[in-house]
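S.K.: Hey, can you work out the whole structure from these sequences and the hints?
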Amino acid sequence: MIDWAASWQRLLALAVLFVVFFWLYKNMKDTKLKRALQEQFSKLKIEREK
3 MIDWAASWQR LLALAVLFVV FFWLYKNMKD TKLKRALQEQ FSKLKIEREK
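Quick note, our numbering runs 2 ahead of the 1-based positions in the sequence shown.
Worth flagging that the hints you see were computed from the coordinates, not collected in a lab.
All C-beta atoms in this analysis are idealised placements derived from N, C-alpha and C, irrespective of residue type, glycine included.
Fair warning: there could be bad hints in the mix.
[Stated by the list, open to error] Using 30 Å as the maximum straight-line C-alpha spacing, the simulated DSS-like pairs for lysine-lysine come out as follows:
1. Lys28 - Lys47
2. Lys36 - Lys47
3. Lys45 - Lys34
4. Lys45 - Lys28
5. Lys47 - Lys34
[Claimed, not checked] Have a look at the derived ranges for each label pair, beta carbon to beta carbon:
6. Arg50 - Ala8: 15 to 25 Å
7. Trp25 - Lys45: 18 to 28 Å
8. Phe23 - Leu46: 26 to 36 Å
9. Val21 - Gln42: 15 to 25 Å
M.R.: Structure representation (structure tokens):
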């Protein structure tokens, strides 16, 4: 038998994650945010290469 409480919590968590990623994707059109994220990513890459 399926534990409905656990599965509902899992579905809710997935839905929240989906909404957050969708919101971030929509905001990617804002070039300032995009540039800031790219700078953070390049910093991480540089630190990893050291």
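S.K.: Each hint needs a verdict: does it hold in this structure or not?
M.R.: Checked hints:
no. : hint                      : in the structure
1   : Lys28 - Lys47             : holds (25 Å)
2   : Lys36 - Lys47             : holds (16 Å)
3   : Lys45 - Lys34             : holds (17 Å)
4   : Lys45 - Lys28             : holds (24 Å)
5   : Lys47 - Lys34             : holds (20 Å)
6   : Arg50 - Ala8: 15 to 25 Å  : violated (36 Å)
7   : Trp25 - Lys45: 18 to 28 Å : holds (24 Å)
8   : Phe23 - Leu46: 26 to 36 Å : violated (19 Å)
9   : Val21 - Gln42: 15 to 25 Å : holds (22 Å)
Going through the hint list in order, the structure does not satisfy hints 6, 8.
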